[in-house]
Amino acid sequence: MTSSNVALPDLDILANLPILAVFTPKLLLVSILAFIGGYFLYSRHAPLHPAYSISMSPSPNAGWHARAQPSPRAFVPTRDALVFAVLLNAQADHDGFTLALFRPDVAVDARGAVLTVDPADFARLAELAQQTTTLPPTGSFMNAWRVAHDRTEQKIDRLFAATSTDGPLVQTSVQGYSPRMRQLKPAVGDVTELPDVLQELFGYIQEGREGFIRGEEDKEIIARVKALVNE
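Everything in the sequence shown is counted per my numbering, starting at 1147 for the first residue and increasing by one.
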């Protein structure tokens, strides 16, 4: 046995060497790859800025439009039953229509389809619409909250919410709504992100355009709803 004659490295010398000098090339490569892998995993899971973050849990009433059923009753829209209406101002459609809600349980979507809305969904939509009437005015055209985008030409969703059965409708608009972006430009006073009530409600409003095909909508009932907004 000759193992007793093998010289062991001087630990004092090793302690004084630069850290990279004690690594073999293979060990050094493994260490670098481990560092890169750890950084990649962290960067993928690090939280985004709140204004651009995506909620991991869906909004509680998402899918309300898919749950709604065609109304079995004849329907005539009236001002005293109106909860809110949403008009669209976009490059391709300057006088569009997206959605209206009427008591006790009716929605008219962008197709002009008359739907019976699930009670829980209806209650949430109506509640959010009322909350928008307490927001501060933006001072912008159409009382718009403007979401920051690289492109300046963005559609405007115009919400008209009723505060009484015959009083004036309160307009609150969102320009450039996005489920992923909330940063405002410009800010509204000290508010720099789209308020939660608008982020949630205008997400639900987008569902009103599901299945819409231009030219195939029921223009008659849509015209009746829009006339209520213009009274």
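FYI, nobody ran anything at the bench for these hints, they're computed from the structure. Please read these numbers as outputs of a predicted model, since none were measured by experiment. C-beta: ideal position from N, C-alpha, C; glycine also. Please note: incorrect hints may appear among the correct ones.
[To be verified] 30 Å max Cα-Cα, derived DSSO-like pairs, lysine-lysine: (1) 1365 to 1301; (2) 1301 to 1372; (3) 1301 to 1331.
[Unchecked claim] Per label pair, the in silico range of CB-to-CB distance: (4) 1219 to 1269: 15 to 21 Å; (5) 1250 to 1335: 23 to 29 Å; (6) 1208 to 1299: 25 to 31 Å.
Against the structure, the hints:
Distance restraint check for residue 1365 and residue 1301: the Cα-Cα separation of roughly 21 Å lies within the 30 Å cut-off, and the hinted pair is therefore satisfied. At most 30 Å may separate the alpha-carbon atoms for a hinted pair to count; residue 1301 and residue 1372 meet this at roughly 18 Å. Between residue 1301 and residue 1331 the CA atoms are separated by roughly 15 Å; this keeps the pair inside 30 Å, and the hint holds. The hinted window of 15 to 21 Å between residue 1219 and residue 1269 holds, with their beta carbons roughly 20 Å apart.
Against the hinted window of 23 to 29 Å, the Cβ-Cβ separation of residue 1250 and residue 1335 comes to about 37 Å, which falls outside the hint. Under the hint 25 to 31 Å, the C-beta atoms of residue 1208 and residue 1299, about 28 Å apart, fit the expected range.
The structure shown violates just one earlier hint, number 5.
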